[in-house]
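Q: Could you build the full structure based on these sequences and the hints that come with them?
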Amino acid sequence: EPEVTQTPSHQVTQMGQEVILRCVPISNHLYFYWYRQILGQKVEFLVSFYNNEISEKSEIFDDQFSVERPDGSNFTLKIRSTKLEDSAMYFCASLGRLGSYNEQFFGPGTRLTVL
Amino acid sequence: GNSVTQMEGPVTLSEEAFLTINCTYTATGYPSLFWYVQYPGEGLQLLLKATKADDKGSNKGFEATYRKETTSFHLEKGSVQVSDSAVYFCALSNAGNNRKLIWGLGTSLAVNP
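Here the protein sequences come in this chain order: A and B. Residue numbers for the first sequence follow our numbering, so the first one is 1 and each next one is one higher. Residue numbers for the second sequence follow our numbering, so the first one is 1 and each next one is one higher.
Since the hints were derived computationally from the structure, they do not count as laboratory data. Incorrect hints may have been included.
[As the list claims (entries may be wrong)] Distance condition first, Cα-Cα at most 25 Å in a straight line; then the derived DSS-like pairs of lysine-lysine: (1) B:Lys56 with B:Lys68; (2) A:Lys42 with B:Lys60; (3) B:Lys52 with A:Lys83; (4) A:Lys42 with A:Lys57; (5) A:Lys83 with A:Lys57; (6) B:Lys68 with B:Lys52.
[Stated by the list, open to error] Some but not every residue of chain A turned toward chain B, in silico, with C-beta under 7 Å: (7) Lys42; (8) Ser48; (9) Leu98; (10) Pro108; (11) Gly109.
The beta-carbon is built from N, C-alpha and C at its ideal position, and this holds for glycine as well.
A: If you want it as structure tokens, here you go:
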């Protein structure tokens, strides 16, 4: 069964450092998403991506964040200068089509710890 | 805007008890509704979904019915097991919002033997 994969599973970084979180969506999917979940809190939408551009982003997704699909298979989230409050689980998801019956498939997540 | 309000936890039940976790939503148009489950230390798994009014989603003994008149999508299970201990998230998506998921706060369920 196809699945979404994410690497690394856990990333520890120093405040102010850049991190890149990687995702490999399901191969024939067209819509891609990043969500984050701060420990013990709700899941929050960060950004959606379609046709090689951002289709929507939340207020959390400021200039420190960027996304890219560099090679047609990977989907990356970059945080340029990490802050303590960026510590969270980051989930990637992909969706085949926008139809109401379709569901997003989630990766296992990357736990980001900013020290 | 779109939002999901979910019953606060934690919920603690004994094995074989009946479970209800309430979820109500606010949305424009006709959203799709979902329940996701997150087992300890794991990612998000789709538990069930419903895409139109009066649809009933079901999986692993869990059920939820899309009630447009009460804007609700309550999760129920007739007899919970210890293995059902997890955090349950209600969520919605809308065609007008690129199908991004809007999430409830999550309800932690602990089932004791």
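Q: Hint by hint, say whether it matches the structure.
A: Checked hints:
For the proposed pair Lys56 (chain B) and Lys68 (chain B), the alpha carbon gap of about 12 Å is at most 25 Å, so the pair holds. Pair hint Lys42 (chain A) plus Lys60 (chain B) holds up; C-alpha atoms about 24 Å apart against a cutoff of 25 Å. This hinted pair does not check out: Lys52 (chain B) and Lys83 (chain A) have alpha carbons roughly 41 Å apart, beyond 25 Å. A distance of roughly 17 Å separates the Cα atoms of Lys42 (chain A) and Lys57 (chain A); the hinted pair therefore holds under the 25 Å criterion.
The suggested pairing of Lys83 (chain A) with Lys57 (chain A) holds, with an alpha-carbon distance near 19 Å, which does not exceed 25 Å. With a C-alpha separation of about 8 Å, the suggested pairing of Lys68 (chain B) with Lys52 (chain B) holds against the 25 Å cut-off. A cut of 7 Å between beta carbons decides the hint on Lys42 (chain A): the least distance to chain B is about 5 Å, and the hint holds. The beta carbon of Ser48 (chain A) is positioned within 7 Å of a beta carbon in chain B (closest approach about 5 Å), and the interface hint is therefore held.
Interface hint at Leu98 (chain A): satisfied, since its Cβ lies 5 Å from the closest Cβ of chain B, which is below the 7 Å cut-off. Against a cut-off of 7 Å between C-beta atoms, the interface hint on Pro108 (chain A) holds, since the closest Cβ of chain B lies about 4 Å away. The closest approach between the C-beta of Gly109 (chain A) and any C-beta of chain B is roughly 5 Å, which is under the 7 Å cut-off, so the hint is satisfied.
In terms of the numbered hints stated before, the structure departs from hint 3 and from no other.
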